[in-house]
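Colleague: Under the working numbering, residues -14 to 198 are what the sequence shown spells out, in order.
Treat the hints as calculated values from the structure; they're not laboratory data.
Check each hint, because a few of them may be wrong.
In silico DSSO-like pairs for lysine-lysine, Cα to Cα no more than 27 Å straight-line [what the hints assert, rightly or not]:
1. Lys73 - Lys19
2. Lys89 - Lys73
3. Lys19 - Lys89
Beta-carbon label-pair distances, calculated as ranges [claimed, not checked]:
4. Gln159 - Glu23: 56 to 64 Å
5. Ala87 - Gln14: 22 to 30 Å
6. Ala13 - Ala91: 13 to 21 Å
7. Glu23 - Ala43: 29 to 37 Å
8. Pro42 - Ala87: 19 to 27 Å
9. Ala88 - Gly151: 57 to 65 Å
10. Thr146 - Ser92: 45 to 53 Å
11. Gln81 - Val45: 15 to 23 Å
12. Ala88 - Ala13: 21 to 29 Å
13. Ala88 - Gln28: 29 to 37 Å
14. Pro42 - Ser92: 23 to 31 Å
15. Ala91 - Cys147: 53 to 61 Å
All figures in this text were calculated on a predicted structure; none of them were measured in a lab.
Backbone N, C-alpha and C fix where the C-beta goes; we use that ideal spot for every residue, glycine too.
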Amino acid sequence: MGSQDYKAVTSALEKRYGDAHLQHVYQAQLRNRKQRFEETLQQYEADVFNLAYPTAPAEVIEQLSVSSFVDGLRDPEISLLIRLARHKTISEALAQALEIEAAKEASRFVINPYQGRDKKIKTTDGNLIDLLLELLQQFKNGQNLGRCTPNGGRKPIRCWTCSAEGHVRRRCPQNDSLQKAPGPSTRQLRQIRVYTQQNQDVKMRKTHTYLDD
């Protein structure tokens, strides 16, 4: 077989089974390759590396692979961080991308302790907090110095709904919401009254001290 025949056979085999003539196809696919919605980082990295020019030097293949890998990442935050890192190999870029992805996924399950506490107060202790605020407001409006009874005791609690004494708005018989949401227990009411009385006594002592001076 002459040299011309050998070259012809080699060229035919290359066209049939080789990929040298597909370089322009690989280049177009590599430029347009983006990470698909349900595609993992590992799957995406492997496909990008395979689309890099097989006949190019190893260093060029790595550079092209890293560049295409970063450009096609679905998550813009991960893409930015990987780009700033300037990795020399696609394996390094993949490792950091996986680390960032895992950190972002873990941070989504972190619960703000203050936010959880506020939510708990609103849902489980709503009745007690509402009643406490109502009692404190009544104390500020009418239970302070100058509105005490002659014998120094507290004035009876007055309902804001029916204006009757002896109960608060939430426990008013005329309030339909009483049947929907139970009010605080007797123990809770006693604790609130003690807290209110202590605040009143403090104000009284401060006032007497001021008058004595």
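Colleague: Now tell me, hint by hint, if it's right for this structure.
Modeller: Consistency of the hints with the structure:
For the given pair, Lys73 sits about 20 Å from Lys19 by alpha-carbon distance, which is consistent with the 27 Å threshold. Distance check on the hinted pair: Lys89 and Lys73 sit about 24 Å apart at the alpha-carbon level, within 27 Å; holds. This hinted pair checks out: Lys19 and Lys89 have alpha carbons roughly 21 Å apart, not beyond 27 Å. Checked against the hint of 56 to 64 Å, the pair Gln159 and Glu23 passes, with Cβ atoms roughly 59 Å apart.
Under the hint 22 to 30 Å, the C-beta atoms of Ala87 and Gln14, about 29 Å apart, fit the expected range. The supplied range of 13 to 21 Å is broken by Ala13 and Ala91, whose beta-carbon atoms lie about 38 Å from each other. With their beta carbons about 31 Å apart, Glu23 and Ala43 fall inside the hinted range of 29 to 37 Å. The beta-carbon spacing between Pro42 and Ala87, approximately 33 Å, falls outside the hinted interval of 19 to 27 Å.
With their beta carbons about 59 Å apart, Ala88 and Gly151 fall inside the hinted range of 57 to 65 Å. At roughly 47 Å, the beta carbons of Thr146 and Ser92 sit within the given window of 45 to 53 Å. Between Gln81 and Val45, the C-beta spacing of about 22 Å keeps the proposed range 15 to 23 Å intact. Between Ala88 and Ala13 the CB atoms are about 34 Å apart, so this pair departs from the stated range of 21 to 29 Å.
Between Ala88 and Gln28 the CB atoms are about 20 Å apart, so this pair departs from the stated range of 29 to 37 Å. Distance hint check for Pro42 and Ser92: the Cβ-Cβ separation is about 40 Å, which falls outside the suggested range of 23 to 31 Å. Ala91 and Cys147 have their C-beta atoms about 54 Å apart, which keeps the hinted 53 to 61 Å range intact.
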